[in-house]
Amino acid sequence: MSQSKGVLYLVATPLGNLADFSFRAVEVLQSVAVIAAEDTRHSRPLLNHYGIGTPLVAYHEHNEDAAAPQLLARLERGESVAVISDAGTPLISDPGFPLVRLARQAGIRAVPVPGPSALIAALSASGLPCDHFHFGGFLPRKGEARRSELKTLLDRRETLVFYESSHRVLDCLEDINAIFPADRPLAIARELTKHYETIVNSTAGAAHALVAQDADMQKGEFVLLVQGKRETAAEDIDAEQARVLGILLDGGCSVKSAAAMAAEITGAPRKLLYQAALKRSSAQ
Numbered sequence: 001m002s003q004s005k006g007v008l009y010l011v012a013t014p015l016g017n018l019a020d021f022s023f024r025a026v027e028v029l030q031s032v033a034v035i036a037a038e039d040t041r042h043s044r045p046l047l048n049h050y051g052i053g054t055p056l057v058a059y060h061e062h063n064e065d066a067a068a069p070q071l072l073a074r075l076e077r078g079e080s081v082a083v084i085s086d087a088g089t090p091l092i093s094d095p096g097f098p099l100v101r102l103a104r105q106a107g108i109r110a111v112p113v114p115g116p117s118a119l120i121a122a123l124s125a126s127g128l129p130c131d132h133f134h135f136g137g138f139l140p141r142k143g144e145a146r147r148s149e150l151k152t153l154l155d156r157r158e159t160l161v162f163y164e165s166s167h168r169v170l171d172c173l174e175d176i177n178a179i180f181p182a183d184r185p186l187a188i189a190r191e192l193t194k195h196y197e198t199i200v201n202s203t204a205g206a207a208h209a210l211v212a213q214d215a216d217m218q219k220g221e222f223v224l225l226v227q228g229k230r231e232t233a234a235e236d237i238d239a240e241q242a243r244v245l246g247i248l249l250d251g252g253c254s255v256k257s258a259a260a261m262a263a264e265i266t267g268a269p270r271k272l273l274y275q276a277a278l279k280r281s282s283a284q
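The letter at position 116 of the sequence shown is residue 116 when you use UniProt numbering, and the numbering goes up by one with no holes.
Please keep in mind that the hints were generated in silico from the structure rather than gathered at the bench.
Treat the hints with care, as some may be off.
Simulated pairs of lysine-lysine, BS3-like, Cα-Cα distance not exceeding 27 Å [said to hold, decoys possible]:
1. Lys279 - Lys219
2. Lys279 - Lys151
3. Lys256 - Lys279
4. Lys279 - Lys142
5. Lys194 - Lys229
6. Lys271 - Lys256
7. Lys229 - Lys279
8. Lys219 - Lys142
Computed spacing ranges between beta-carbons, pair by pair [to be verified]:
9. Ile247 - Asp183: 42 to 48 Å
10. Ala182 - Arg24: 41 to 47 Å
11. Cys130 - Tyr50: 29 to 35 Å
12. Pro114 - Val200: 24 to 30 Å
13. Ala178 - Gly107: 47 to 53 Å
These numbers come from a predicted model, not from an experiment.
Glycine included, C-beta positions come from ideal geometry on N, C-alpha and C.
Make a model of the complete structure from these sequences and hints.
Next comes the structure, spelled out in structure tokens:
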């Protein structure tokens, strides 16, 4: 890559608490030629707080296709550019993708300056499994399209994570209630890192009522998390399967052999029976 070209920085900004801004982020924003901001009016208080006087240009969803080539030209001339969104990490349900793609195609370095992300913050504190997750961004605005999207995710085993606005959160929770089993664990995170930060655990069946009865719970920016469909637990084998498995184990069969033979006899999945056999053996 040519050293004469500028560098494109993708800089994460605080979700709400200004103290979450990194030293590196401040240094980068002070050093670049221009900052491309989703909303210059929104970003100015943050920049003023840290004494950052770098010029701002607007770069948002309505102008990014036209603005990206202009910013690319500056990068080609050797100027470095930073992209920031209103809050969190750029490109994650925020503008920036066209510019990053153009920059990389032109051999210009795209450098992440990591920091806050509502997605990761909510997931880490939700109490739901976070080793695997599916990020769905903002669900469709229209009810029919939203329900259709949710139906495609019903059997996913990863934790599902969505962003939602205060204007649609009740409608979204109502659709989740209609699509998912009532006992499916769900978490609601709102106003993360802000004064009224709230993270509550509920279920797909109860979450809508929980939010509907509390006007304060209908305000702010939301992350909704729905636990994935759980794998069938070993104890979910039925009584006949358990009886057959027990006879084989008590008769001296190994866990592996008992599971294989019980699967042939009952038609139950061998893996399921093997897990049940392991649990029974370890309890003895």
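Structure-based check of each hint:
Distance restraint check for Lys279 and Lys219: the Cα-Cα separation of roughly 46 Å exceeds the 27 Å cut-off, and the hinted pair is therefore not satisfied. Taking the CA atoms of Lys279 and Lys151, the gap is near 34 Å; set against the 27 Å cutoff, the hint is violated. The suggested pairing of Lys256 with Lys279 holds, with an alpha-carbon distance near 12 Å, which does not exceed 27 Å. Between Lys279 and Lys142 the alpha-carbon distance is near 46 Å, which puts this suggested pair outside the 27 Å criterion.
Simply put, Lys194 and Lys229 have alpha-carbon atoms about 31 Å apart, too far for the 27 Å limit, and the pair is violated. Between Lys271 and Lys256 the alpha-carbon distance is near 10 Å, which keeps this suggested pair within the 27 Å criterion. At roughly 22 Å between alpha-carbon atoms, Lys229 and Lys279 fall within 27 Å of each other, so this suggested pair holds. Taking the CA atoms of Lys219 and Lys142, the gap is about 20 Å. The hint holds against a cut of 27 Å.
Checked against the given bound of 42 to 48 Å, the beta carbons of Ile247 and Asp183, roughly 33 Å apart, lie outside it. Between Ala182 and Arg24 the beta carbon distance is about 46 Å. The supplied range of 41 to 47 Å therefore holds. At about 31 Å, the beta-carbon gap between Cys130 and Tyr50 stays in the expected band of 29 to 35 Å. Taking the beta carbon of each, Pro114 and Val200 are about 28 Å apart, inside 24 to 30 Å as hinted.
For the pair Ala178 and Gly107, the supplied restraint of 47 to 53 Å holds, since their beta-carbon distance comes to about 49 Å.
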